[in-house]
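Chemist: These are the residues of each chain, in order.
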Amino acid sequence: MTVTATQATPGHVPSGQTQPGGGAVHARRWRRVAPYLQAAPLAVTLILFLLIPILTILVVSFWDYDSVRVIPDFVLTNYAELLTSPVTWKTYLNTVKFAALTWAITLVIGFAVAYFLAFHIRSTSWQMVLFLVCTIPFWTSNIIRMISWIPFLGRNGLLNSTLIAAGVIDQPLEFLLFSDFSVVLAYVHLNALFMVVPIFNSMMRIDRALVEAARDAGAAGWQVVWNVILPLSKPGIAIGSIFVVTLVMGDFITVRLMSGGQSASIGLMIANEISLLQYPAAAANAVILLAVVLLMVAAMLRVVDIRKEL
Amino acid sequence: MSDTRSGSPATTGVSRRALLKGTAAAAGVAVGSGAITGFPTIWAQNIKNITLRQIGTGVSNLNAVADKVKADLGFTLQMTALDSDAVTQRAATQPKSYDIADIEYWIAKKIFPAGVIQPMDVGKLKNFDKIVPIFVNGKLTPSSAIAQGTAPHSVGFVEGKDSTKFAKSPTQWMTLIPTIYNADTLGIRPDLVGRPISSWKDLLDPAFKGKASLLNIPSIGIMDAAMVCEAMGAVTYGDKGNMTKEEIDKTLAIMTEAKKAGQFRAFWKSFDESVNLMSSGEVIIQSMWSPAVAAVRAKGIPCVYQPLKEGYRAWGGGLGLAKHLTGLELDAAYEYINWYLSGWVGAYLNRQGYYSAVLDTAKQHMSADEWAFWMEGKPAKTDILNPEGKVMEKAGAVRDGGSFEERMGRVACWNAVMDEDRYMVRKWNEFIAA
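Which chain is which? The protein sequence lines are C and S, in order. Going by full-length UniProt numbering, the first residue of the first sequence is number 1, and it counts up by one from there. Going by full-length UniProt numbering, the first residue of the second sequence is number 1, and it counts up by one from there.
Please keep in mind that the hints were generated in silico from the structure rather than gathered at the bench. The reader is advised that the hints may include incorrect statements.
Unchecked claim - Restricting the straight-line Cα-Cα distance to at most 20 Å, the calculated cross-link-like pairs of lysine to any residue (SDA-like) are: (1) S/LYS260 to S/ASN242; (2) C/LYS90 to S/THR256; (3) S/LYS245 to C/THR77; (4) S/LYS126 to S/SER290; (5) S/LYS201 to S/LYS260; (6) S/LYS259 to C/ILE144; (7) C/LYS97 to S/GLU430; (8) S/LYS269 to C/SER275; (9) S/LYS260 to C/PHE181; (10) S/LYS168 to S/VAL193; (11) S/LYS126 to S/LEU73; (12) S/LYS209 to C/GLU174; (13) S/LYS165 to C/THR77; (14) S/LYS250 to C/ASN160; (15) S/LYS363 to S/GLY343; (16) S/LYS269 to C/ILE144; (17) C/LYS97 to C/VAL292; (18) S/LYS323 to S/ALA145; (19) C/LYS90 to C/GLY250; (20) S/LYS245 to C/LEU82; (21) S/LYS70 to S/LEU359; (22) S/LYS250 to S/ARG422; (23) S/LYS209 to C/LEU176; (24) S/LYS269 to S/SER290; (25) S/LYS269 to C/ILE143; (26) S/LYS269 to C/LEU257; (27) S/LYS259 to C/ARG155; (28) S/LYS363 to S/VAL132; (29) C/LYS90 to S/LYS259; (30) S/LYS259 to C/ILE143; (31) S/LYS70 to S/THR80; (32) S/LYS209 to C/ARG155; (33) S/LYS209 to C/ASN160; (34) C/LYS234 to C/SER275; (35) S/LYS260 to C/GLU174.
Work the whole structure out from these sequences, hints included.
Modeler: In structure tokens:
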């Protein structure tokens, strides 16, 4: 196979070069243009659906507004009001807190589930079956999955009435619903799979001989996990982390529903501004959020070079 | 193999082209015939081809109304229901996307200056002189005081046909035709509060810690907050509907303190959220809308729309005509508005616990018992049905708050948009995020 290929290429190139006259010029020009044409569909798509919208947001973020109109202008008040308000900082802190908690919990759950699937289930068909079982909750809308926690955790909800009936508590536990607890719980529930899948994928590529070699060299079970499997799963962990962190950073509906409107996130702040027709303020907020999330992703990619490992 | 392959796409190509040609011809014929049959010059038949697009809140954007319009007037009314923020947004930013805007008066104050709505000639309104005076001069009876906030009459008229400046007294040009209004107060769970509730300040009573709620629509929520602070004696307002920065700060400082102390269980934004909070027992006292109280009661759960000694916070909505309406469509829109005030809709709205703008015509469409229950505050002689025919109140029940005059006569403040709107919204969001 390799031999025929190497033979074909040198044979082909000279024949192209020896083509006489205008044909050769044409072919050369074509060869120069071809890569651009090949890249054009993606480039056009990205420009139309990514670059232009983001530039629009950037431009609008410098506009002025009153209660009904957006006024084209160049003012820095949107950024000034945003960055000098202690509420912005508190909200960012709160959102980062949610993201960090969700990330840590989904990482532990995701790693454990993926490890179990990849190394403890021997048959491939069972692996697939159990993997599909993990995705079952995702067959319903995430709003429904979120809202179904409300009657479960409520003051007179299933959990509280069960605990009271069992005599474990005499007063319903108030912190279960409309609290940071319920917000993080819903985030973990919604996003755990995004951690499981890439980590599982990475683990499946690990050469089993490495595990055997580690054991032969005398490594204990936890040492194999810590020194062999964890480092080799890094790309999966990084991809999963990017998913979870960006999803939580940009979310607004989970925070609103699960905190009973009591807690804030940046997404919710933007949604509020949009609903009050304060598009420039929302745009400024979106630009800052984009920058922060890009920095977070860049930091993650500094730790793990996904491209090298894929 | 390769022969058949290269052959078959060609055949499909031809047949597809033929098909397209055929379709185009058929479409042409259809358009042609449609133009011929749709040609009659008699106005009554012509109007049937008109479709008016109405946007508004779920409160009054009722499909029953659209069906009745089709039956009575012949043209099509297309309803889109949105929440009040989305209505404001749509009305102001996409004026071409609707023909009739069903908006609240405070929304009108925000969007009318943008020039997207055209005022109506009162000369073309048959029942103009019968409209409840609240919407004309602000006084329910000649002796009553004008409430604070964006009172409907203050944004009810403009100075001329093309003016966007609100007139101080009634003119020939009306901005919105009032359709629906009500007096709002706190909803309570009488079985769980454990004591009589008589004042707005009870919302912040520490006894209800973790069991209170407030609505999170800034321009309405701030009013409820102001009613509470005023009742507590903590803040004195010049005009609750147009607060100064200092008054806004004081009001929200009190609310923030209460929030941090855990007074509130949740903040709600939509009708169904308030119903769920109340019926699940998560919340036992909260700002509420009248049909939400009815919805809780319909589940067999006790809920009272508690009249309070400081009075009510009122709101009102109306129909506005989009600027782009002209000719036949404009005629149809006037026809619709005259029909709206002619009684059928009024009775429909009154039966839901709201009030209609022209009471005399609505009365003709209601039974004497219904009228006595809803409007005069008298005990029901028979079961009271809602517009869909479901029993809403048993015989013997009395409406919370009593008669029309008792309720609308005790309005302390109207929903409003303030001069310091932008500041207020920012502070409100800080309170919600605190």
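Chemist: So, against the hints stated earlier in the document, which numbers end up violated here?
Modeler: The structure conflicts with hints 1, 4, 6, 10, 13, 14, 18, 21, 30 and 34, although it agrees with all the remaining ones.
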